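There are 2 protein chains.
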Amino acid sequence: MSLNSVPLANRIHIGLFGRRNAGKSSIMNAITGQNLSIVSEIKGTTTDPVIKAMELLPLGPVAIIDTPGIDDEGELGELRVKRSYQMLNKSDVAVLIIDANIGMSKEDEKLLKKIKEKAIPYLIVMNKADIKEIEKKEADTIWVSAKTGKNIFELKEKLAKLALQEETEKTIVADLLEPSDLVLLVVPIDKAAPKGRLILPQQQTIRDILDADCVSIVVKENQIAETLENLKQKPKLVITDSQVFDVADSYTPKDIWLTSFSILFARYKGNLKQAIEGARAIETIRDSDKILISEGCTHHRQCEDIGTVKLPSWIRNYTNKNIEFEFTSGTEFPEELEQYKMIIHCGGCMLNDREMTYRYRCASDQDTPITNYGILIAHLKGILERSIEPFSL
Amino acid sequence: MSLNSVPLANRIHIGLFGRRNAGKSSIMNAITGQNLSIVSEIKGTTTDPVIKAMELLPLGPVAIIDTPGIDDEGELGELRVKRSYQMLNKSDVAVLIIDANIGMSKEDEKLLKKIKEKAIPYLIVMNKADIKEIEKKEADTIWVSAKTGKNIFELKEKLAKLALQEETEKTIVADLLEPSDLVLLVVPIDKAAPKGRLILPQQQTIRDILDADCVSIVVKENQIAETLENLKQKPKLVITDSQVFDVADSYTPKDIWLTSFSILFARYKGNLKQAIEGARAIETIRDSDKILISEGCTHHRQCEDIGTVKLPSWIRNYTNKNIEFEFTSGTEFPEELEQYKMIIHCGGCMLNDREMTYRYRCASDQDTPITNYGILIAHLKGILERSIEPFSL
Numbered sequence: 001m002s003l004n005s006v007p008l009a010n011r012i013h014i015g016l017f018g019r020r021n022a023g024k025s026s027i028m029n030a031i032t033g034q035n036l037s038i039v040s041e042i043k044g045t046t047t048d049p050v051i052k053a054m055e056l057l058p059l060g061p062v063a064i065i066d067t068p069g070i071d072d073e074g075e076l077g078e079l080r081v082k083r084s085y086q087m088l089n090k091s092d093v094a095v096l097i098i099d100a101n102i103g104m105s106k107e108d109e110k111l112l113k114k115i116k117e118k119a120i121p122y123l124i125v126m127n128k129a130d131i132k133e134i135e136k137k138e139a140d141t142i143w144v145s146a147k148t149g150k151n152i153f154e155l156k157e158k159l160a161k162l163a164l165q166e167e168t169e170k171t172i173v174a175d176l177l178e179p180s181d182l183v184l185l186v187v188p189i190d191k192a193a194p195k196g197r198l199i200l201p202q203q204q205t206i207r208d209i210l211d212a213d214c215v216s217i218v219v220k221e222n223q224i225a226e227t228l229e230n231l232k233q234k235p236k237l238v239i240t241d242s243q244v245f246d247v248a249d250s251y252t253p254k255d256i257w258l259t260s261f262s263i264l265f266a267r268y269k270g271n272l273k274q275a276i277e278g279a280r281a282i283e284t285i286r287d288s289d290k291i292l293i294s295e296g297c298t299h300h301r302q303c304e305d306i307g308t309v310k311l312p313s314w315i316r317n318y319t320n321k322n323i324e325f326e327f328t329s330g331t332e333f334p335e336e337l338e339q340y341k342m343i344i345h346c347g348g349c350m351l352n353d354r355e356m357t358y359r360y361r362c363a364s365d366q367d368t369p370i371t372n373y374g375i376l377i378a379h380l381k382g383i384l385e386r387s388i389e390p391f392s393l
Numbered sequence: 001m002s003l004n005s006v007p008l009a010n011r012i013h014i015g016l017f018g019r020r021n022a023g024k025s026s027i028m029n030a031i032t033g034q035n036l037s038i039v040s041e042i043k044g045t046t047t048d049p050v051i052k053a054m055e056l057l058p059l060g061p062v063a064i065i066d067t068p069g070i071d072d073e074g075e076l077g078e079l080r081v082k083r084s085y086q087m088l089n090k091s092d093v094a095v096l097i098i099d100a101n102i103g104m105s106k107e108d109e110k111l112l113k114k115i116k117e118k119a120i121p122y123l124i125v126m127n128k129a130d131i132k133e134i135e136k137k138e139a140d141t142i143w144v145s146a147k148t149g150k151n152i153f154e155l156k157e158k159l160a161k162l163a164l165q166e167e168t169e170k171t172i173v174a175d176l177l178e179p180s181d182l183v184l185l186v187v188p189i190d191k192a193a194p195k196g197r198l199i200l201p202q203q204q205t206i207r208d209i210l211d212a213d214c215v216s217i218v219v220k221e222n223q224i225a226e227t228l229e230n231l232k233q234k235p236k237l238v239i240t241d242s243q244v245f246d247v248a249d250s251y252t253p254k255d256i257w258l259t260s261f262s263i264l265f266a267r268y269k270g271n272l273k274q275a276i277e278g279a280r281a282i283e284t285i286r287d288s289d290k291i292l293i294s295e296g297c298t299h300h301r302q303c304e305d306i307g308t309v310k311l312p313s314w315i316r317n318y319t320n321k322n323i324e325f326e327f328t329s330g331t332e333f334p335e336e337l338e339q340y341k342m343i344i345h346c347g348g349c350m351l352n353d354r355e356m357t358y359r360y361r362c363a364s365d366q367d368t369p370i371t372n373y374g375i376l377i378a379h380l381k382g383i384l385e386r387s388i389e390p391f392s393l
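Sequences listed follow chains A and B, in order. In case it helps, UniProt numbering puts the first sequence at residues 1 to 393. In case it helps, UniProt numbering puts the second sequence at residues 1 to 393.
Please keep in mind that the hints were generated in silico from the structure rather than gathered at the bench. Take the hints with a grain of salt, since some may be wrong.
Copies of the same chain are indistinguishable here, so a pair counts whether it falls within one copy or spans any two.
Claimed, not checked - Derived pair list, reagent style PhoX-like, types lysine-lysine, alpha-carbon separation capped at 20 Å:
1) 90 / 118
2) 170 / 195
3) 195 / 269
4) 236 / 220
5) 113 / 341
6) 290 / 321
7) 113 / 82
8) 232 / 273
Predicted, not measured: the structure shown is a model, and the values here were computed from it.
Please construct the entire structure, taking both the sequences and the accompanying hints into account.
What follows is the structure in structure tokens.
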């Protein structure tokens, strides 16, 4: 089937949640018209979360996350419940399925609260509505019967609408600019820069500036001073690669905003506040604390060098503490984060937004501070406060 | 085998040429250690050119083009010879295999002349040197025996050396610049531009300018005038997207160089002279002439719009002739080009250099003028002469 050609990561992820026997698997089969999950009346059939690529009309190819019951019991059961909660962090849309004959339980209420906290678009499905017909009109609730097919069509339409909710038009930097503003971009070129190209965040920033009817001026760090002198109109903003943050800071007059690509992209991905708080956690580090340094891809020599060599040494110098560092890269990301005093993540330019959101949400669930390379560098160099001035946080 | 994971297009293409029975297939087997091609003493076994992915040590994964004998006879035979000659256009390295017992024939000499004309790195292999042992030391010739394996190791070393010949360091625009020069890039953003990105040639140009210690100023066409006024130092060069060539021309003072991304990339790929001559062929177009408009990919809405809609209409207006247009896209490119009065190709940003070179070489073989979209647009708008001023052609 051609729909298999859409990679899982590019599909909208719909998480199905609910108590055991609420009918998660029957709903999945009813909406996709496929009989893939084992539907049974025995409680707890679905144990581990399974992500399945499916066609959900009228939406198209989606990924459906089938999760364990949120009322599971016993030691293993509690672990399963934990996994279900974790799957919220991967869900673009959450569907809470409730047995209409029982109504909303305390487990459902707890999950719903979490969904709302995480601001995940959601829908409550009152299933088995063939047995007890109470039709209520609530915007976030639909009454269906997986068994008879009642309202399944309407459920699919509602899901499609939720999933396709126009993303609020996000900009990288355009909201800080007026037409005709100049923006100076500082792009160092070292051996580790990719040959003959610009990295994605630089490209995206230049494009965003063009879209705002503004002008990008792209220089290496050794031309900041000369270029500033050459302009009759002051740039509104200087955006620098974090590697040369201190150089950019010293050459940029105090009346010109200065920030970094890392900060702009943390903001773009919705993680800036968390990442700034995360960076400040470095102040509380003590001897023998563990820090996780995590990289989203395995092939950026530049990030690797910063992550495994420069950051540990800067941090040791700054804190003067005996710190234990752990490193992960690529899709590798630990489940248990509480063991770390803080997490320092790369900018994640090669991870999709869902995965970055997942990692930030998991850290937040486990009260573990998380930040990114550039924001920590700014903090270590004492430039962070200046660099976040342009933003209202 | 992991070596299969290198796509054919990324492998160095080694073309094996020679008369029937000179031992092309035996040489191929001897150097790759595989027995893939039918080796036989019957003349003309290899009829159609076959491109095979192979491991050639010490070089690594290569593509070997096994071609029909260049002395084939009869109607079908002549067609095969023509196909062999065409395969020169796909070869990064050409190997001319000669039966040492016979020596160089007039067919070999003719092919060698063509190889030299096209400036393809080549090696002459005197095969069957076990029969008649004449060792000569010539830089471009090696004496081997596929049968006994004599000098096969040396042949492989020579091939690797030829194939790895350091490409002369090519720059897009850096050779026109002095450190600290300013370059103004005009990048229009219309509906057809890719969302949130810059197209590859724009990225590559900005990077090349950074590498030259110069400054890129990136603007939309509506900010050229204002930006020029804002600079104390004049830009050395304005580089524009061809779509807004006339706007850029009118706003750029005559003492500042003006050129386009199309022109820079034709130069970068070594096709500029041919493409300029190609554009001038529009002056000789007559009623009912056929023009081929060819696109390298199938997914750039921007190019499609220019190729299938705008160009035909501009050309009809300019020539006032009744022209027949044909269109191809993607890997599709006709074998017979003589039927066209001229070929107008896209910039080929998604085609690899070998494929673009192949198309330009084929057009040249068939005396068919070939140009690209941007260079033709410049000619039609009367800006071509100005736009090639920066280059010594």
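### Query
What hint numbers does the structure not satisfy?
Violated hints (numbers, rising): 5 and 8; every other hint is consistent with the structure.
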